[in-house]
Each structure stands twice: as C-alpha cells, then as structure tokens.
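There are 2 protein chains.
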Amino acid sequence: MDFETKYSKLGNSLQSSLIRELLKYASVPNAISFGGGVPDPETFPRKELSQIASEIIEKEYAYVLQYSTTEGDPELANQIIAMLERIYGISNLSENNIMFTTGSQEALELAGKIFLDEESIAIVEDPFYLGAASAFKMRFPKFVTIPLEDDGMNVDVLEKELKSLDEKGLIKKVKFIYVIPNFHNPAGVTLSYEKRKRIIELAERYDLPIIEDDPYGLLRFEGEPLDPIFKMAGPERVILLNTFSKILAPGLRIGVVIGSEQVVRKFVLAKQGTDLCSSALTQRLAARYFERYDILQQITPTIKLYKSKKDTMMQAFEEYFGDIKGIKWVKPEGGLFTWVTLPEGFDTMEMFEIAKQKLVFYIPGQPFTPDNKVSPSMRMSFCLPPHEKIVEGVKRLRDTILEYGKTKGLI
Amino acid sequence: MDFETKYSKLGNSLQSSLIRELLKYASVPNAISFGGGVPDPETFPRKELSQIASEIIEKEYAYVLQYSTTEGDPELANQIIAMLERIYGISNLSENNIMFTTGSQEALELAGKIFLDEESIAIVEDPFYLGAASAFKMRFPKFVTIPLEDDGMNVDVLEKELKSLDEKGLIKKVKFIYVIPNFHNPAGVTLSYEKRKRIIELAERYDLPIIEDDPYGLLRFEGEPLDPIFKMAGPERVILLNTFSKILAPGLRIGVVIGSEQVVRKFVLAKQGTDLCSSALTQRLAARYFERYDILQQITPTIKLYKSKKDTMMQAFEEYFGDIKGIKWVKPEGGLFTWVTLPEGFDTMEMFEIAKQKLVFYIPGQPFTPDNKVSPSMRMSFCLPPHEKIVEGVKRLRDTILEYGKTKGLI
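If you read the protein sequences in the order shown, they are chains A and B. Quick note on numbering: the first sequence equals residues 1 to 411 in full-length UniProt numbering. Quick note on numbering: the second sequence equals residues 1 to 411 in full-length UniProt numbering.
Simulated from the structure, these hints should not be mistaken for laboratory data. A couple of the hints might just be wrong.
Same chains, same names: a pair is fine if it fits in one copy or spans any two.
Within a straight-line C-alpha distance of at most 30 angstroms, the following computed BS3-like cross-link-like pairs (lysine-lysine) qualify [claimed, not checked]:
1) Lys9 to Lys172
2) Lys168 to Lys9
3) Lys24 to Lys59
4) Lys163 to Lys9
5) Lys137 to Lys173
6) Lys307 to Lys59
7) Lys137 to Lys172
8) Lys142 to Lys9
9) Lys328 to Lys358
10) Lys173 to Lys9
11) Lys395 to Lys24
12) Lys137 to Lys9
13) Lys304 to Lys59
14) Lys231 to Lys173
15) Lys59 to Lys389
16) Lys142 to Lys173
17) Lys47 to Lys59
Please build the complete structure, drawing on both the sequences and the hints.
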C-alpha cells in the first residue's frame, strides 16, 4: 500500500534534514569538514568507561540490564546534584528536581510536547539551534525570533517583542523563552551577565518560563564563567537542560532536565509514553564515572585540545580571511563552534556547490534561520579536524569565497 | 511561576499511570507481586555482555561512544536481517528496512506521530496494551476496539466495524490496525493462523496498514510457532515492531522497526527530532552478542524457566480457583502474562484494596480498557516470583476473591 495516504499532518511535514544531506559529501576522501558538531573521540575516557562497564554489568546486572524508572538512575541524579552545587553553588535540589532523557534532544522534544500547541508562541534565538527547531516544529507553534549579538540575544528586541505581544493580547500564548547561554550552537556567542539579568526581569514581568539549554557550559577555554540563569532565577522560573554528550560521550545518550518538582513531574509523564525510560546501563556507567573521577580534571585536556584548535582556526581566519572586506567571525570563549558571516549578498547555501568541488565543508546558515531564508553565514566546528587540516580547510574556504564572490560580482 | 498556566493540551492531559501507583505497594516486605511485566534478571547474559562491553568500549570507542546515525547500528541491522531469515524465513530485507528505537515504546510513539491526527481512527485490541495506549493517546485519535478471544482478535467484529466505517465514509480516517499477535500483553492469547489471514484480507480490502507488535514471539513454551503477519503480507502492508527487552535485556533499550523503505524513512525523520539517535554502545553490544552467541540457544533456559513458572501458576489456579464458579483464565503458550477474568459483577480495581491488605498484587483490567471502564479481569505475570511465592500468591488471591465476592454478595 501507499503509506503516504495514511500519514498525519506531522508525518507529512517531516523532511530530510539539510545537514544530513550536506554531511554525506563530507566523507569523500581528502575532504575537510567543519560541518559536524561531534566531539573528538580521542577525548572519550575509554579505559575508565570500559572498566566500569565490565564491572557494573557483572555486579549490578539486576539494575543495569533491567528497565529503569522513567525518572532515571537516582545515583546519577545525586552525582548531578553534587556537581551543580560544587561547580555553580546551586543548592537545595533533590532527586525530584531531576529527570534523565535519551540525549538532550529528547528533553527538547518533551518540552515541545508539554508546552506547545499550534497556536502557541515560542521565543527563540536567531540563528536557532536546529535540534530545538526540529523538536519544537513537530508541535507547529509560532516562533518569535530574537537576533543574537556578540554578547547574546538582543534584549532590547526581546523587550519590544514581548511588549507588542502583550499589547496584542497574545502574551498568554507565549509558552517560554528558549536560550542557549554559553558558546551558542550555531553562533558561538555567550550571553553576558547583564543580559541574563535583563532576560530574567522580562520573564518575570510577563510571567514566562525560561528554558536554558546548556550543553557546552563546562567547555570554557577563556574568560570568566557566568552564573547559569537557573542559578540566578531558580527552578520556579527556569528549566535547565544539560547533557553528558560533550563532556563525557554522546554514545551514552544521556541528557538531564533540572527544574521545579512540578515541571519535572510533567516531563516524567511525557517521557513515560515517549520511551518509557532511558538505558539504566549508560546512566549507571556515567554515575560510577562521576563518582570515581573528577569531571573538572577529566575535561581539562579536552578543553585544552579544543582551545588550541580554536586558536588555530582563528589564526587561519586572520591569515586567509583578513583581506576579505566585510567578512566577520565570532571568537568563541568555549564550545565547538564559530559562526562566520560573509559580506552582504553572499548565499552560503549556493556557495556550497563550489565548496563541494574544493572539498571543504561547513553548514550554511540557512537551516538555522527560523524561516529557512537565504543566509550569508555559516557554522564551522573546529573540534574534530587536526590542526593542519584546519589551516588547509580555511585556505580552501578562502578560495571558495573568492571564487563565489567574483562569479557573483560581490568582491 | 505556575507552570500549569503554560501547559499544552497534551501537557494538561498527561496523568500519572495507575500501574505506577499500584506497583508502589508491591515493594513492601512479604508482598507477592504478579504486577510487573519485567523479565527475571537471572536470565540476563551478564558474563557475556560484561566482556563484550569492556572490549567494544576499549577497541571500538570511536563508534560506540560517539553519536550514532538516526537509523542505528548497521551491524545490528544485519544481525536482525539474518535472524529474521533464519527464524522466520523472511528474506529480501536490507538495512533500509530497519531502524532501531529507544525501546519499542519509542517505536509506538513514532508510529503515533507519523500516522495519527486528532480526527484519525486507530483499530486496537480490547484489552489494549498500555504502552501503545499511552503512546497513541498523545495524538488524541479515536479508537475502535476489537475484543480479544482465546485465539486473538474477534475478526467478525473487525469486519463489521470496518464495513460500518466504510459505509459512514470514515474508512479514510482509519490509519492502521494495531495487533500484538503472540502471547498478548495483557491478555496472554495468541492470534491463530486463520485469523492472521482474515486480518490481512480485511486490511487489503480497505487498504489499511497493519502494525504488528511482537515483543514476546520468541518466548514460546509450547504449540507451533506461527508465521508473523509481516511474513504473510510483506513490508508493503505491515510494519513489524520488535525489541530485545524480553530476549536479551531491557536495560539496553533497543527496539526495532521493520518495514518498507518508504515507511522506515518516515520513522527515521520522526526519530531525528525525537531523540536524534539511540545509544551506539548498547546497539553494538547487542550486535556483537548476536554475532557470537546463538540467540535461540541462549534463550532456551529462559523459555524453560518461564514455562515452569507458568505451569506452577496454572496448577495453582486449578487448585485454588477451581471451585470458584465463573472464573476463567488464559493458558498462555508463551510470553510473560496470563489474564484472569472473575465472575460478572467483580471489579478488580475495587478488589485491589483487599489484595493490598493480603499483600498480593496484580494489575486490574481497568487501565487496559480503552475507556477506563470497570473490569472483572486482571493481568498476572508469572515470570518474576519464585515457584513457592507463585503458589502462595495465588492462595492469597483466592482469599481476596472470596472475601470481596462475599462482601459484595457475588459468591
């Protein structure tokens, strides 16, 4: 039969992700890819995890091989509570404030389920993290997008938009403000302390929840760490999403929702029907790892590695992009990404055809725009290619930019 | 803030599962529980899995600790393809017909997303598997329920319902027929070969997909194995859902969707926004296990164990229920469950209060009815309690039934 005739509105709306299609090219020989947002596998603590896995399967088999509760492993919850206290000074959390998810993608999807209807409004950043976009879009809400600046969301625009929604009687339709505060994906920027305060003030004024998505916060290379919005405004205002994908290993598929008991309970109910529970094995593996090793010490070499690759990329930008008028790039203080914006008139999606020929790959900005509009920007990840490939890739990208720019009469 | 004001229609509809609440009582000392549907941890191949886990994390770390593709591990897909060929003689499948999920709960949830809108109709069994109910209900469809008999779905009722829907011009709203063919949860019954053929004929007549959910099929104690509907009607008609939770270990959280390339592609797109990918670690763990060990040999002791516990329960039923007029129970040929139906007038939910006092636990039939209506039935799992506890529990249940029956004037 033709299943097409049976699909739901959602089923019909699902389209192949552009990134997936683009990344297919990245595996050809000699290609240099800045596309993926995946950690360097050499940073995974394989020896430690291998030993712990063997131990817990043998000794704790009745727990780790069995169904977990929907909430997840209480031992891991207690490790998270201790980490939040030690790293950020966040206190007064109990197991009831914590739920584990199958990667932070699931947390975003559950947030969509819990909060969004078709007539709902979600306040999001522009550029908009693709994983959140694909999760939220499954609920068909409306988006109000707030442009990002070098120090995060433009809070004046946020204020104006909220005021306008209030005046139009639409503020009740606004379900949350979604923010990636540190080393934004894709934009690489970090939300300043002042702006964090302004966002909280506005959320309080209009009584809106804030969803703070912080997968990269611990991967800071330079600059002073800033308080999480969750710490500043508390679980009665903020839902904090975290993941071990960037600090431990994505293959474990562990994300975590941290919030008020009331809202975490709702996440638990939504997760029950979605995948019942996440793997007890990978959760306990993480719990024992955090118990035995100091995560802050463990990630020091990872941070050093990413910083040095970031520095290499920034130097290569200076060298090869320095003379291209109107080009700019973000200097990230941590994380995996930088965001390069070409002069007006450039279309990084169209330019991708030339990049393909030159065997250099990036993610065009277009899929990160809420309406899939033409974009002169591109996301580049520095964490995976070796240093010399970073330099060579940036050189190839220069050639790509110049060739495209000349063809189009832009340079 | 009060998050309640921000919840979606779905968010507001989510209620705590009755089973969760009931099972809380089951952990008191001296309680005997037939409630859970979880495998006996002693059946988990812990030595084998422990060794494989340690090996693959050490040697295949760049794969198993990294993000997987949304489709899942191709090596595991090839193991599944080989198993389907060897066990059922199903051939002509490729990796493109296979997608792995985070437990089969996720497969059900994705099926809901892909097929169901609010005005959609899903044909389901009565009693209705709770996991499917909670997944499908998140899409707010209408259900048409078909009663189960000792040999599965009443196909005459199915035919009548489909005819009536067709006459009312509603057949296009029917999105699928959902069936658990083997050792039904909760009813314990198995769909006969003749009825499988009738369901396929009806699905073809009205051009409807069949979702065949078969978590228990390999756990057959007695009787002849029957062809999967998927084998009889092919991937152009049937989507087959499977899981390793009952034959290997639930803690791995691996389910599998087997279908036409077209429909599997749609599941992949839905999964991308839902949890991006399942754990590469637990998938590769299963792949290497199936590669090294013969699953049919490995589950032989499990089947023997469950059969002997089932026999113990059936004997105890004869002994302690034999003289209760009007009681009946299903004699399952495999799986984890039997379904006991008490005489008319009994309400197993109300009776639960007495069972609680007597420290014996079952799952009342009520949550398995599509409209949460009073039920004289109850689900009992025999796989977890030791033999002597099974006998003692059935004895306590007899006392419970007699006490309730007398109080209510039913006996």
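Hints and how they fare:
Taking the shortest Cα distances, Lys9 and Lys172 sit within 30 angstroms of each other both inside one copy (25 angstroms) and across copies (14 angstroms). In the homo-oligomer, the alpha carbons of Lys168 and Lys9 lie at most 30 angstroms apart both inside one protomer (29 angstroms) and across protomers (23 angstroms), since each shortest distance falls under that limit. Within a single copy, Lys24 and Lys59 get their C-alpha atoms only as close as 42 angstroms, which misses the 30 angstroms cut-off; across copies the closest is 25 angstroms, which meets it. Proximity of Lys163 and Lys9 under a CA criterion of 30 angstroms is satisfied inter-copy only: 26 angstroms between copies versus 33 angstroms inside one chain copy.
With identical chains, the CA atoms of Lys137 and Lys173 are at most 30 angstroms apart both within one copy (16 angstroms) and between copies (24 angstroms). Taking identical chains as interchangeable, the C-alpha atoms of Lys307 and Lys59 lie at most 30 angstroms apart only when they sit on different chains, with a minimum of 27 angstroms there against 39 angstroms within one chain. With identical chains, the CA atoms of Lys137 and Lys172 are at most 30 angstroms apart both within one copy (19 angstroms) and between copies (26 angstroms). For the identical chains of this complex, Lys142 and Lys9 are neighbours both inside a copy (16 angstroms) and across copies (16 angstroms), given an alpha-carbon limit of 30 angstroms.
When the C-alpha separation of Lys328 and Lys358 is checked against a cutoff of 30 angstroms, the pair qualifies only within one copy, where the shortest distance is 22 angstroms, while the shortest distance between copies is 73 angstroms. For the homomeric pair Lys173 and Lys9, the shortest alpha-carbon distances inside one copy (22 angstroms) and between copies (13 angstroms) are both at most 30 angstroms. In this homomeric assembly, Lys395 and Lys24 come within 30 angstroms of each other (Cα to Cα) only inside a single copy, at 22 angstroms, whereas the closest approach across copies is 63 angstroms. In this assembly of identical chains, the alpha carbons of Lys137 and Lys9 lie at most 30 angstroms apart whether taken from the same copy (12 angstroms) or from different copies (16 angstroms).
In the homo-oligomer, the alpha carbons of Lys304 and Lys59 lie at most 30 angstroms apart only across protomers (24 angstroms), although the nearest pairing inside one protomer, at 36 angstroms, exceeds that limit. Taking the shortest alpha-carbon separations for Lys231 and Lys173, only the intra-copy value of 26 angstroms comes in at or below 30 angstroms, while the best inter-copy value is 49 angstroms. For the identical chains of this complex, Lys59 and Lys389 are inter-copy neighbours only, at 25 angstroms across copies versus 44 angstroms inside a copy, given an alpha-carbon limit of 30 angstroms. For the homomeric pair Lys142 and Lys173, the shortest alpha-carbon distances inside one copy (10 angstroms) and between copies (27 angstroms) are both at most 30 angstroms.
When the C-alpha separation of Lys47 and Lys59 is checked against a cutoff of 30 angstroms, the pair qualifies both within a copy, at 18 angstroms, and between copies, at 10 angstroms.
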